[in-house]
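Please model the complete structure; the sequences and the hints are all you need to start from.
Line by line, the protein sequences give chains A and B. The first sequence runs 3 to 179 under this note's numbering. The second sequence runs 1236 to 1370 under this note's numbering.
Think of the hints as simulated: they come from the structure by calculation, not from any bench. The C-beta atom is built at its ideal place from N, Cα and C for all residues, glycine as well. Incorrect hints may have been included.
[Said to hold, decoys possible] Cβ-Cβ distance ranges computed for the label pairs, FRET-style:
id	chain 1	residue 1	chain 2	residue 2	range
1	A	ASN39	B	GLU1275	19 to 27 angstroms
2	B	GLU1295	A	ARG77	50 to 58 angstroms
3	A	ARG14	B	ASP1340	35 to 43 angstroms
4	B	SER1251	A	LYS129	26 to 34 angstroms
5	A	ASN22	B	GLN1258	35 to 43 angstroms
6	B	ALA1263	A	PRO158	44 to 52 angstroms
7	A	ASN22	B	GLU1328	47 to 55 angstroms
8	B	SER1334	A	ASP75	46 to 54 angstroms
9	A	LYS129	B	ARG1296	30 to 38 angstroms
10	B	GLU1352	A	ASP76	31 to 39 angstroms
11	B	SER1334	A	LYS129	19 to 27 angstroms
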Amino acid sequence: MDLLSMRESYERDRIMLCFNGPISRSLIEEIGKALRNYLDTQQATPSSAMDVFAVYIEMTQNIRHYARRQGYDDRQASATVAVAQDAEGHYLVSAGNLVEEADGERLVRTIESLAALDRAELKAAYKRQLRRPRDAEGDAGAGLGLLDMARKSSHPLEASLQPLPSRQSFFSLTATI
Amino acid sequence: MLAMTTMTPDLDIPGSQSTPAIQSHWQAGRLAMQGDSYPENSYELFDQVIAWVRRFLETERRPLRLELALVYLNTSSVKAMMDIFDLLEDAHEKGRAVSVEWRYDPRNERIAELADEFREDCSYPFAIVPAAAPA
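Now the structure itself:
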């Protein structure tokens, strides 16, 4: 294993924390705890630490919900998560996972449409989504989480979709806090 | 004559890393919650709290007071809390005395912003109170 090249890539991308593999409920909590402790030592303000944590939680829980709805096995449900800091000191929270191609395309479109909304419009959309009946949520379940992430970000969410041979795609999402 | 009241058992749920501690006091007309709330499916936890609130409001005529010291809520928990605040709003519109007091650590303004967004949809007394975090 070429740990040195992994290390160099982490350092180049200023990655503070990353994870790759099947993500369980308890793993989300444990990584979240490590993330909070790390942000604490970095003297992040309590509100930006909470925003980073919140975005991390929504991303990873969205991945878990999606994988469960699809009936994915551990390998397919595996998530790639990274938290980094850019040169201006903004925190970047990224997560990637396998999705069905059509779902991925829909997700990317949703995220691109959020980029056009200003703060007030995002808030209104969030409140509307919050008031949708519990049962009607289904597929749109991710919608509330995405709106929440968009509201906590200082830049529009960035999404990309990379096709895989399996008719599935690798979906990745980055929020800049 | 001995009147038997049908009392719903009180809740006393210990908190965990991802779930708040919850205590209900039927006699006192009080429901309290403290801590973080980010379970994957918040309704697994909050259904019983919603049921308690609903039952109290249906059974009793006395005031109901929520004492909250919630910190971080994921969107699933926000949705469940909104259901609780909506029950209070319905009761308030029917003339019932209901109130919320949400205490937060003033170093973290996100909590006050979260509480304030709930308050926007409520017409009953809803206090958001900066308070030193418990030691």
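So, going through the hints one by one against the coordinates:
1. ASN39/A - GLU1275/B: 19 to 27 angstroms: Since the Cβ atoms of ASN39/A and GLU1275/B sit about 22 angstroms apart, the hinted range of 19 to 27 angstroms holds.
2. GLU1295/B - ARG77/A: 50 to 58 angstroms: Cβ of GLU1295/B to Cβ of ARG77/A: about 53 angstroms, so the range 50 to 58 angstroms holds.
3. ARG14/A - ASP1340/B: 35 to 43 angstroms: 37 angstroms, holds
4. SER1251/B - LYS129/A: 26 to 34 angstroms: Given a distance of about 29 angstroms, which is inside 26 to 34 angstroms, the answer is holds.
5. ASN22/A - GLN1258/B: 35 to 43 angstroms: At 40 angstroms between Cβs, range holds.
6. ALA1263/B - PRO158/A: 44 to 52 angstroms: Hint holds: Cβ distance 48 angstroms, inside 44 to 52 angstroms.
7. ASN22/A - GLU1328/B: 47 to 55 angstroms: 51 angstroms, holds
8. SER1334/B - ASP75/A: 46 to 54 angstroms: 49 angstroms Cβ-Cβ, so the 46 to 54 angstroms window holds.
9. LYS129/A - ARG1296/B: 30 to 38 angstroms: 32 angstroms, holds
10. GLU1352/B - ASP76/A: 31 to 39 angstroms: 37 angstroms, holds
11. SER1334/B - LYS129/A: 19 to 27 angstroms: The hinted range 19 to 27 angstroms holds for SER1334/B and LYS129/A, with Cβ atoms some 23 angstroms apart.
Comparing the model with each earlier hint shows no violations; every hint is respected.
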